Amino acid sequence: MDNFVEGLTEVTCDVLVIGGGTAGPMAALKAKQKNPALNVVLLEKANVKRSGAISMGMDGLNNAVVPGYATPEQYTKEITIANDGIVDQAPVYKYASRCYEIIEELDRFGIRFQKNANGDFDLKKVHHLGTYVLPMPNGDTVKKALYRQLKRERILISNRFMATRLLTAREGRIAGAVAVNTRSAEFLVLRAKTVILCMGAAGRLGLPHSGYLFGTYENPTNSGDGYAMAYHAGAALANLECYQINPLIKDYNGPACAYVAGPFGAYTANSEGKRFIESDYWSGQMMQEFYNELQSGKGPVFLKLNHLHPDTVGEIEEILHKVERPSRGRFHEARGTDYREKMIEMHISEIGFCSGHSASGVFVDEFARTTVPGLYAAGDMASVPHNYMLGAFTNGAVAGEHAAEVAQEIDLPDYDPDFVRLERVRVLAPTRREDGIPPNQLEYKARRLVNDYLQPPKVTAKMQIGQARLADVREDFETALVVRNAHELMRALEVSSILDCADMAAHASLYRTESRWGLYHHRVDYPDKDDDNWFCHTLLSKVDGRMTSEKRAIQPYVVPIETEERSAYDRLRVLNQA
Amino acid sequence: MPLALSPTTVPVVVDDAKCIADKGCTVCVDVCPLDVLRISDLTGKAYMKFDECWYCMPCETDCPTGAVTVNIPYLLR
Amino acid sequence: MSAFDPFEDFGDAEEIAARLADADAAVRRLAVIDLAEAASADGLPHLLAAVSDSDESVRLQVAIALAEFGTVEAAAALATLVTDLDVAVARAAADGLAEVKDAGAAPVILPLAFDDNAFVRAAGFRGLKGLRSQAALGPALAAMKDESAEVRAEALGVIAYLKREETLPSLIAATRDAEAAVRAVAVNALSFSNQAAAAFAVTSALHDESWQVRAAAAESLGRIGHASAIDGLAVGLSDDYWEVRQKCLNALGRLKARTVVSEIAALLSSDLASLRKEAAAALGEIADPSSHAALMVHVSDADPDVRKTVRWALTRFV
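Residue numbers (the working numbering), protein chains in the order written: chain Z, 10 to 587; chain V, -9 to 67; chain F, 80 to 397.
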């Protein structure tokens, strides 16, 4: 295993889904259900059984729009406000309208949501306006249940193949993808009529404070490969300057899970044990307040549970130590920290792109279509804001259905064999060298530069230095990178995605000359929000081989927002800056 | 420039006495998202080959014999 | 350059099953794992046969595998394994039965409810709960007198999932069960009913000796929505446990309890920010003009969550 093998296979399918984490399996299932005659392939860099952000399941739904608890209108409104108005509402509304049917379907799959004594979904109220939190105390079986469905529907699964580039036909339509085996470096050309990208967040962009390359908030396999591939295929990417930054347990770097512990009475506190967050919505504004407190004399920030009854803490631990990031119990044990006795130190995560938590993703409409014909995106890498796990499932379903409909209408597009030949040369270049820089060193340097120059507070001159330094690393990548086996080749290809994402982060951040979304896009030399010029999306894409950004108008709202409601975000902002 | 060997202590530990990889089991290797586990040619048992761990636990949870333990990587501990 | 098949194979059940005859238990165990993973109906008969494997580690794997199939035959085999002498096998089988979703499995699970072993009886009711089987109702009602608290709790689950008014007497009786865990489920379960009798029984549970039961009762009363609970909930505002006081505040808000607005407003001065916040939220839900002034005092509360909630509450008065 891991030795280089010369090999090339070409396969043909109707719908190709890339990424077998959360959105991907649902997209593949829905495409197949839409038309069982279609040939649906699910490609995965790891193994679908336990891949992606929900490898060990999820502790709950943060954004369940369940009849009787919240309405799609209400939800759409709240997401619009939390994103400071920069939202195309149609995909958000579509998600909100369909997610309950997906919850019911997941329930039938055997995915266990919390139910009350009468067997009804047990939603927890966290927000004032609507109730969206549905705990999953036994949510560790999510992937297993999905995998079973995929087998039953006879979806063709290709594990341990990493997609490197998308294939496009002459007129720009999508034609498939090129992939490389992560244990043998054999090549796979997948021709397809439609392609759905479900490749997760760009979560390996910044370097965690621990310095451990894989100690990231996101699953480190989510290295932004989808963002990079979409970019190189000519798709537009939206609002990349709206970074993902999350509150987390310091060093462990896992989520603090306020959504789990919150309904039990836990909260985020400063060193005095007092609450300090003014913002009502999970947003960049909330993260700015978090950041300010961390830097203040009342810092750092803690997760406070020690005021809760020991039985209640036990109940919370039962969930937190079993689902999503279950090793955190082990982390606390080794540190000798106990929720019952002391507050637990928190910090903020490294930066990344992730629409699951913020709004930075490949631009999609309400059918999950990107700007490239035949190419779809769903989950953490698509631009539907704050869509979390349930958004990945729901939008994956939307993408799968639409991609299946299109695939049954069209012929298989041609692709350029020369492109594949050149892609093999590019991918295998580091395998041809005898000597050079290994991928782990290149990666450490690139990500350290991201931290030094690109993370907020953002400063123009620093970001420009960052661009120049990252260009040097890219040159090293292209001329001196060496890999000794197929496993290292996979890591090297991930570094290529990381470099692309770093460039996109810098470019998008420099383009928007204002501050918006709290910490996510806090530009120190443009400290004010400028609605006159920047109340719009920014789209980044590759035009004639060059990275380009442009403005895009926000589509008229489906659910109107009163001026007073919109200013809710600003009111909180002003209060906190006092 | 030649490559040097930099040792690291790895977080995933396998109990050889319990591991049944030599009987054909590949569960932990299959489920690792980072693909860092391998079966040793020498012992026929699973071991952590690459120090690239997200301490996510599928290897431990899915191991049919309870042979795998996931520790927190030293730098985070 | 060689070509290769990039796809996972679906696994030929017969081929895998041949390994079930191996002398080595570890090999048989791995075959069971492979059969489960193939998820094909062809594999099921082989798994059913492996239920009587001589090695407990193989039977354990079979129990886990059968849970993934969830069919009536799988349920029947799990019902056998629940009585296994090996504790781990029996537990896995019980967990598997709880995953069965095919209502047709009720007849094969029901006999477990009459087993001599309490663990088996509990596993039976636990499996029947999700099936919402009417046939299980009689045995479940009878089991409310079972000597094992675990069995009573699971039987109560069966009754509660059916949500039938005629089971109210049993559910109400269960609010006085000897075991706190059973009482907590009972008060929670009664929340489906809008009958005065249910509200009365749950209100009485606000005096339960266990604070968890009192908290569950308050929460349940909020869902029942019966005005007769208001006075009892108001008394609960001085419970020894702040967790109970908080749930009472929440329930009073949901009940729009105008008559006790001043008692609620008194908690705006609590030392605990969580209670001040919950009091403000309740006053916002009720939106009675008499509490407007009290809320105004807390617009600049020291705690941001309280301030936010007060601001929200005040918007409800316009």
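Simulated from the structure, these hints should not be mistaken for lab results. It is possible that some hints are incorrect.
Keeping only pairs whose Cα atoms sit at most 30 Å apart, straight-line, the calculated DSS-like set for lysine-lysine is [to be verified]: (1) K133(Z) - K454(Z); (2) K153(Z) - K133(Z); (3) K39(V) - K153(Z); (4) K124(Z) - K331(Z); (5) K307(Z) - K8(V); (6) K335(F) - K133(Z); (7) K259(Z) - K39(V); (8) K259(Z) - K133(Z); (9) K242(F) - K133(Z); (10) K39(V) - K331(Z); (11) K43(Z) - K335(F); (12) K538(Z) - K560(Z); (13) K331(Z) - K224(F); (14) K35(V) - K351(Z); (15) K13(V) - K560(Z).
Over 10 Å on every C-beta distance to chain V, these chain F residues come out as not near it, computed from the model [unchecked claim]: (16) D88; (17) R108; (18) L127; (19) Q140; (20) V166; (21) V199; (22) A214; (23) E245; (24) P248; (25) G304; (26) V314; (27) V339; (28) V397.
None of the values given here were measured: they were computed from a predicted structure. Glycine included, C-beta positions come from ideal geometry on N, C-alpha and C.
Hint check results:
no.	hint	verdict
1	K133(Z) - K454(Z)	violated (43 Å)
2	K153(Z) - K133(Z)	holds (26 Å)
3	K39(V) - K153(Z)	holds (26 Å)
4	K124(Z) - K331(Z)	holds (18 Å)
5	K307(Z) - K8(V)	violated (50 Å)
6	K335(F) - K133(Z)	holds (20 Å)
7	K259(Z) - K39(V)	holds (27 Å)
8	K259(Z) - K133(Z)	holds (26 Å)
9	K242(F) - K133(Z)	holds (21 Å)
10	K39(V) - K331(Z)	holds (26 Å)
11	K43(Z) - K335(F)	violated (47 Å)
12	K538(Z) - K560(Z)	holds (16 Å)
13	K331(Z) - K224(F)	violated (34 Å)
14	K35(V) - K351(Z)	violated (41 Å)
15	K13(V) - K560(Z)	violated (60 Å)
16	D88	holds (14 Å)
17	R108	violated (6 Å)
18	L127	holds (20 Å)
19	Q140	violated (6 Å)
20	V166	holds (15 Å)
21	V199	holds (25 Å)
22	A214	holds (36 Å)
23	E245	holds (44 Å)
24	P248	holds (44 Å)
25	G304	holds (42 Å)
26	V314	holds (47 Å)
27	V339	holds (49 Å)
28	V397	holds (50 Å)
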